[in-house]
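Each chain, letter by letter, is given below.
There are 2 protein chains.
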Amino acid sequence: MQRIDVASPVLKKNDELARENHEIFQSRGTVAVNLMSAPGAGKTTLLEKTLPALRSRFRCGVIEGDLRTDLDAERVRKTGVVAHQINTNSCHLDASMVRDAFAAAFSQPLDLLLIENIGNLVCPAAYDLGEDWRVTLFSVTEGADKPRKYPKMFYRSHAVVLNKIDLLPYIDVRLDELVESVLAVSPGAAVLPLSCRTGEGLEAWISWLHETVTRSLQTSANARKGV
Amino acid sequence: MQRIDVASPVLKKNDELARENHEIFQSRGTVAVNLMSAPGAGKTTLLEKTLPALRSRFRCGVIEGDLRTDLDAERVRKTGVVAHQINTNSCHLDASMVRDAFAAAFSQPLDLLLIENIGNLVCPAAYDLGEDWRVTLFSVTEGADKPRKYPKMFYRSHAVVLNKIDLLPYIDVRLDELVESVLAVSPGAAVLPLSCRTGEGLEAWISWLHETVTRSLQTSANARKGV
Chain A
3 MQRIDVASPV LKKNDELARE NHEIFQSRGT VAVNLMSAPG AGKTTLLEKT
53 LPALRSRFRC GVIEGDLRTD LDAERVRKTG VVAHQINTNS CHLDASMVRD
103 AFAAAFSQPL DLLLIENIGN LVCPAAYDLG EDWRVTLFSV TEGADKPRKY
153 PKMFYRSHAV VLNKIDLLPY IDVRLDELVE SVLAVSPGAA VLPLSCRTGE
203 GLEAWISWLH ETVTRSLQTS ANARKGV
Chain B
3 MQRIDVASPV LKKNDELARE NHEIFQSRGT VAVNLMSAPG AGKTTLLEKT
53 LPALRSRFRC GVIEGDLRTD LDAERVRKTG VVAHQINTNS CHLDASMVRD
103 AFAAAFSQPL DLLLIENIGN LVCPAAYDLG EDWRVTLFSV TEGADKPRKY
153 PKMFYRSHAV VLNKIDLLPY IDVRLDELVE SVLAVSPGAA VLPLSCRTGE
203 GLEAWISWLH ETVTRSLQTS ANARKGV
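Taken in order, these protein sequences are the chains called A and B.
Residue numbering for the first sequence follows the numbering used here, starting at 3 and increasing by one per position.
Residue numbering for the second sequence follows the numbering used here, starting at 3 and increasing by one per position.
Hints in this document: simulated from the structure, not taken from any laboratory.
Possibly wrong hints are sitting among the right ones.
For chains that are exact copies, the list does not tell them apart, and a pair is met inside one copy or across any two.
Distance condition first, Cα-Cα at most 30 Å in a straight line; then the derived BS3-like pairs of lysine-lysine [said to hold, decoys possible]: (1) K80 - K51; (2) K80 - K154; (3) K15 - K154; (4) K51 - K14; (5) K227 - K154; (6) K51 - K227; (7) K80 - K15.
Since this is a predicted model, take the numbers as computed values, not measurements.
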């Protein structure tokens, strides 16, 4: 069978739109973060734990991607942050969905846009959304072999958050092995082990995000001023 | 933007090939099981625990789908069962990949073909492989909301295996809530809680698979005899 190559023209078009999104974000002074993971690694819980610490420092907004339900947007809204739910039958968010959601939900100035992608370690890695930063969240229960098995997701990430470290005593996975496995695929990534449940490690993640966004906002402001 | 609908013709072609695969499996007297889950839910570990009990009863073979590496096929081969690794950049296995792998690796008679799909709760649900039975594996650590958020994967499944129940005392998820959540989306599914780590519940899963395969082999043998 001649396999039909459907990805290329779609990805090319997406890349163009993503570049335009990036310009839109920059012109609006918004730093965008694309948060990706497998289902159930804890993306929404991480947002719930992160937003209360960040919303006093930045004007924050969230785009939630899910196949069905608006459960995640409802959870995020309880932190007092505006959350826009995208329901798509697609296995990933694409640049056009994010553009439409951003235009529809965020007319007010926004410093930080957090985009929670569809729970999937494969497809979202191929679809640039125009984001400044890519963060992959990974549950330690998923095993140390996953970075090697899903390399594209990991090597494109600026930070890899290892969630659920409170479960390490009860599983056959070691933290040093996990960190080594991430760095083998993504040597430049910030690796941030934490537990959303106990709070351990959350401060380091929030500091990383705070510093990264602050630096991006400064760079973007300088660019607009022509510095 | 006009969104390009790439899925339909590809899926239609896949469905045709899947029907042909099903005929090939039937004519060969092989029962095929499509094992699907999110990354790290424990598909390969389940196969490692299941095959030693089944290989004395059935002639077994395994097709392993992964984006990269042949780690999983290597693990399965240690049980003494032939395993054929497919490495694909795709986010799912499709019917043509399975057909090629089956033709390449299994020239000898085979009662049971276990197909371990790519770790992904979205795309594999859309691609029929010609299998007789679909099993979704789900780690309890992924949370009780997942069946509602990924309904297609669950409502098409004949059995849903809830793995890692040994971790239930350490997470904020209850087993009855998980079972209820699966049955709300997939009322007819066999729900099989187990722990590959402690062995609890494995016997019920192996019995389900043994009975299901025995019944299918009998039906298929009768059909070939024109009974």
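Status of the hints after comparison with the structure:
Taking identical chains as interchangeable, the C-alpha atoms of K80 and K51 lie at most 30 Å apart only when both belong to the same chain, with a minimum of 11 Å there against 43 Å between chains. Taking CA atoms no more than 30 Å apart as the test, K80 paired with K154 passes between copies only; the shortest distance there is 28 Å, against 33 Å inside one copy. For the homomeric pair K15 and K154, the shortest alpha-carbon distances inside one copy (20 Å) and between copies (28 Å) are both at most 30 Å. Taking identical chains as interchangeable, the C-alpha atoms of K51 and K14 are never at most 30 Å apart, the minima being 36 Å within one chain and 44 Å between chains.
Taking identical chains as interchangeable, the C-alpha atoms of K227 and K154 are never at most 30 Å apart, the minima being 35 Å within one chain and 49 Å between chains. Taking identical chains as interchangeable, the C-alpha atoms of K51 and K227 are never at most 30 Å apart, the minima being 34 Å within one chain and 63 Å between chains. Proximity of K80 and K15 under a CA criterion of 30 Å is satisfied in neither setting, with 36 Å inside one chain copy and 45 Å between copies.
Checked against the numbered hints listed earlier, the structure breaks hints 4, 5, 6, 7; every other hint is satisfied.
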